[in-house]
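Asker: Each chain, written out:
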Amino acid sequence: MSALLEVHDLSVDIPLRHGRLHAVRGVSLRVEAGEAIGVVGESGSGKTIMLRALLGLLPQPARIIGGSILLDGVEVTGMPAGRRHAALTEAVSMVFQDSLTALNPVMRVGEQIAEVPRHRLGMSRTAAHARAVELMDSVGIPEPERRYRAYPHELSGGMRQRIGIAIALSTQPRLILADEPTTALDVTIQAQVLDVLDTLRGEQQLGLVLVSHDLAVISQTCSRIYVMYAGRVVESGGAWALLGHPRHPYTYALLQSVPDPDAPVHRLLTIPGQPPDLTALPTGCPFAPRCAFAKTACTQEDPPLVPVTVTGEAAQLSACLRWDTAAHWPQWSEPSETDEPKLGATS
Amino acid sequence: MTAVAFPGRTVEVATARRPHRHVNIPLIAGLTLLLLIVLAAICAPLLTHWDPIHQDLLHAREAPGSPGHLLGTDQLGRDVLSRLLYGARIDLRVGVLAVLSPFVIGTLLGLVSGWFGGWLDTLIMRIVDVVVAFPFFVLVIALVFALGAGTSSIYLAITMVGWVAYCRIVRGAVLVAKEQEYALAARASGLPTWRILFRHLLPNVVLQAIVYSMSDIVLTILAIVTLGYLGLGVPPPTPDWGSMIEDGQQFLLTQWYLATIPGIAVVITGFALALIADGLVEQFGRR
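These protein sequence lines map, in sequence, to chains A and B.
First residue of the first sequence? That's 1 in the numbering used here, and the numbers climb one at a time after it.
First residue of the second sequence? That's 1001 in the numbering used here, and the numbers climb one at a time after it.
Be aware that one or more of the hints could be misleading.
[Unchecked claim] Quick list of the computed label-pair ranges, beta carbon to beta carbon:
| id | chain 1 | residue 1 | chain 2 | residue 2 | range |
| --- | --- | --- | --- | --- | --- |
| 1 | B | R1195 | A | D186 | 29 to 39 Å |
| 2 | B | W1194 | A | I65 | 23 to 33 Å |
| 3 | B | L1156 | A | R63 | 42 to 52 Å |
| 4 | B | T1032 | A | H153 | 45 to 55 Å |
| 5 | A | H8 | B | D1129 | 44 to 54 Å |
| 6 | A | I65 | B | L1120 | 18 to 28 Å |
| 7 | A | R17 | B | L1120 | 21 to 31 Å |
| 8 | A | H153 | B | V1132 | 33 to 43 Å |
| 9 | B | F1284 | A | D72 | 57 to 67 Å |
| 10 | B | I1268 | A | P15 | 51 to 61 Å |
| 11 | B | R1195 | A | A33 | 28 to 38 Å |
| 12 | B | V1038 | A | M79 | 50 to 60 Å |
| 13 | B | I1042 | A | R149 | 52 to 62 Å |
[To be verified] Covered stretches of chain B (in silico footprint by chain A; criterion: 3 or more residues with CB under 8 Å from a CB of chain A, positions within the stretch not fixed):
| id | stretch |
| --- | --- |
| 14 | 1146-1155 |
| 15 | 1198-1206 |
| 16 | 1220-1227 |
Bear in mind the hints are in silico, worked out from the structure with no lab data behind them.
These numbers come from a predicted model, not from an experiment.
We put the beta carbon where it would ideally sit given N, CA and C, even for glycine.
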């Protein structure tokens, strides 16, 4: 049986005046129905561009230059633009980061939810209204009848994000792409919104792609994780295996930089340096210049994604030449002095 | 400001922000002033018993305040007040109508141009560039001259020149709005393009065009007045402020009020519209 969404070797370039920016470089991923996967990476790692490529909503002048997107095993990349757009929008919905800008400021929120049922699914006015109220109820909005008539700026951030999810659900999708859906919310509301997404995933067998830079958010919700760096996947695998035994120094460094409230001495570890310039990538591993464990071999060729361990159900892949030394990396629960110069500590 | 929802139970903390209800002075003042002008124009027959084109050469060029003529009479003995009031009917009507069609055409083309981009955008924008390359008045005067004097040529000429401003304003706003997440969300939900354009984008970009249209009405009235002054406007003897100023200017040294009174009328109308534009921005501008 084919997966709900399969992406093979997707590459997106953005032609700029001073060269081509390789925003996404050969990303492959897979989502099954009812499964939540997480995509982690820092700003500029290509997460958002990849999501927008999946929906065919790339900003000008970005182009998909290679790879394929398969929906239920059906290739959509080769379809003519109109049919591809129809196929994608029918099956896939998106939840955006900033719920204030993701809602039309001059339209009542209920009308925005009822719009697709009314105008694309061909429901009557009353049926679409009822559907919108039902959706608002299902994402945990109290008094949906009354809130139907509210404008976006009259609702709180958490309520707005629920509206955003209700709009995403209104197309009756099988896959939801969520781009940093909780970043603009405070922590208690984050948990509620994640809970809503997770419940819906379970109830309706929705596929969920959760993009975030927040490992805590991802680890709460997702069963598999893809770590992106400089436009490619550098490590992927089952959530617990990957977080417990990272086999790529970038994942390792990300985990290091999560503040540990139990640590006796609170030190915030950061990854030194900047992500590479995607218009002029260095030869070799793009993380090598920032990596604490890089050797000369790392600067020679970009390492391929290779299976490293099979822990439990999902194979763990890492794009690191030196993944097998991971066992000797300083444990992240006890930051030692040795890694300080490279995985530097800033007070 | 947050609503905290516990499972099954809701503790609600004022979610609806109270709409700020402060008094919008410019808008109210502008609307009142414009309403007064429009009322005066509509009620012209009630406010004066003079026929605006009735000549009385025996009582020509009488000073304001002379018996029966509150604002005096012009060089042909026509009552200035009644000409002013009936002139307002013509000038306001032409001004509003001559702004309406460029508004609609420019907004639609700007919407399409900004949304679709590509060759269509290039084509429309090149046409805009060509029109903009000529000074507004020069082009309007040349067009009216070519089309022949009269109100219909004025409409046509001002439409042909005026739409470019709306097109540029709306296109710029669309370019910003279409990268907003709500526009992406509308595209992602697979709504038909016309619906995204008219239901989602138009209401968000049209305000800037409306605000501009207020000052555009002033500009248009000014253009009509100018055309009237050049003898290309509303044909005589129909009263309009432009031809009144033109007729009056030769008596500027002796009967200065003949040209000044209609001039003041233009200024007051422009002031009212400018106030409305300011008030609209204050009312609906960025939240």
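Asker: Where does the structure disagree with the numbered hints, that is, which hint numbers, in rising order?
Answerer: 4, 9, 13, 14 and 16
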